[in-house]
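Undergrad: Chains A and B, in that order, are what the protein sequence lines are. One point on numbering: in my numbering, the residue at position 19 of the first sequence is 19, and numbering is uninterrupted. To convert, count from 1 in the second sequence and add 120; that's my numbering.
Just to be clear, a hint being listed does not mean it is correct.
[Claimed, not checked] 20 Å max Cα-Cα, derived SDA-like pairs, lysine to any residue:
| # | chain 1 | residue 1 | chain 2 | residue 2 |
| --- | --- | --- | --- | --- |
| 1 | A | K41 | B | G181 |
| 2 | B | K161 | A | W99 |
| 3 | A | K41 | B | A217 |
| 4 | A | K41 | B | S194 |
| 5 | B | K204 | A | S74 |
| 6 | B | K161 | A | C66 |
| 7 | A | K84 | A | S74 |
| 8 | A | K84 | B | S199 |
| 9 | B | K161 | B | E207 |
| 10 | B | K161 | B | S199 |
| 11 | A | K41 | A | C64 |
| 12 | A | K41 | A | W99 |
| 13 | A | K84 | B | S158 |
| 14 | A | K41 | B | S158 |
| 15 | B | K161 | B | S218 |
| 16 | B | K204 | A | D45 |
| 17 | B | K161 | B | Q189 |
| 18 | A | K41 | B | H200 |
| 19 | A | K84 | B | E147 |
| 20 | B | K204 | A | R86 |
| 21 | B | K161 | A | S74 |
| 22 | A | K41 | B | E207 |
| 23 | A | K84 | B | E207 |
Treat the hints as calculated values from the structure; they're not laboratory data. No experiment lies behind these values; they were computed from the predicted model shown.
2 protein chains.
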Amino acid sequence: MSKLVSVSGAPDATTSLACCQPLGQEELSAPDAERIASMFKALSDPVRLRLFSRIAAQPGGEACVCDIQDVGVSQPTVSHHLRKLREAGLLVSDRRASWVYYRVAPGVLAGMAGLLSAAA
Amino acid sequence: MSKLVSVSGAPDATTSLACCQPLGQEELSAPDAERIASMFKALSDPVRLRLFSRIAAQPGGEACVCDIQDVGVSQPTVSHHLRKLREAGLLVSDRRASWVYYRVAPGVLAGMAGLLSAAA
Numbered sequence: 001m002s003k004l005v006s007v008s009g010a011p012d013a014t015t016s017l018a019c020c021q022p023l024g025q026e027e028l029s030a031p032d033a034e035r036i037a038s039m040f041k042a043l044s045d046p047v048r049l050r051l052f053s054r055i056a057a058q059p060g061g062e063a064c065v066c067d068i069q070d071v072g073v074s075q076p077t078v079s080h081h082l083r084k085l086r087e088a089g090l091l092v093s094d095r096r097a098s099w100v101y102y103r104v105a106p107g108v109l110a111g112m113a114g115l116l117s118a119a120a
Numbered sequence: 121m122s123k124l125v126s127v128s129g130a131p132d133a134t135t136s137l138a139c140c141q142p143l144g145q146e147e148l149s150a151p152d153a154e155r156i157a158s159m160f161k162a163l164s165d166p167v168r169l170r171l172f173s174r175i176a177a178q179p180g181g182e183a184c185v186c187d188i189q190d191v192g193v194s195q196p197t198v199s200h201h202l203r204k205l206r207e208a209g210l211l212v213s214d215r216r217a218s219w220v221y222y223r224v225a226p227g228v229l230a231g232m233a234g235l236l237s238a239a240a
């Protein structure tokens with residue numbers, strides 16, 4: 001398998017989430033809240049959330065953009081949403097031949113789940 | 121302690137989140153994605169996320185609106201954000217004498233953390 005790479009300039013999701021204690025334990029600082037709010041914002045669109053959940057639920061953990069054609073929006077819109085998720089640090093992508101493959105960025109699900117825990 | 125009540129018309133957060141398998145296990149349906157995206161949307165504003173985290177981190181689990189004066193926004197703005205969090209089913213409120221007290225809605229943190237797990 002080829003190497004998965006984050007898009008240049010995208011935040012490192014693992015680092016973004018490693019900042020913080022669980023919400024039930026410690027109040028977020030203003031800079032941490034800025035960073036984490038941008039991740040929630042990326043998941044606040046229903047189509048984008050569904051795309052994210054589809055990729056997260058793939059048996060092999062990744063989805064080809066060519067397999068994401070049936071979410072009720074155009075292909076350019078799918079690409080736009082996937083780019084937003086990537087820019088928020090939630091997905092990483094990998095181009096192979098003609099297609100781009102997406103997977104959830106390492107540590108994102110565990111990091112967000114940990115953040116939303118009541119306590120450590 | 122007086123009874124905590126959800127505001128009339130607000131969704132029941134526990135029910136909203138009980139709908140769904142972890143994202144890493146099963147793709148969200150379109151209606152579930154609509155509901156859950158609205159919860160992420162409520163947390164996608166940095167000030168709102170900080171207010172939520174402050175309330176979640178209270179030792180007794182609740183905060184009086186009178187104690188939330190130092191987040192760099194006006195009191196009407198604080199009230200607006202708290203109302204949005206309540207409408208999204210993330211907080212419940214309770215009026216005692218002159219003050220409104222807020223706490224995280226039961227099951228919300230565990231529900232969101234479970235949803236964001238890689239698998240069951």
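Undergrad: Hint by hint, work out which the structure violates, then give me just those numbers in ascending order.
TA: Structure breaks hints 1, 2, 3, 4, 5, 6, 8, 11, 12, 15, 17, 20, 21, 23.
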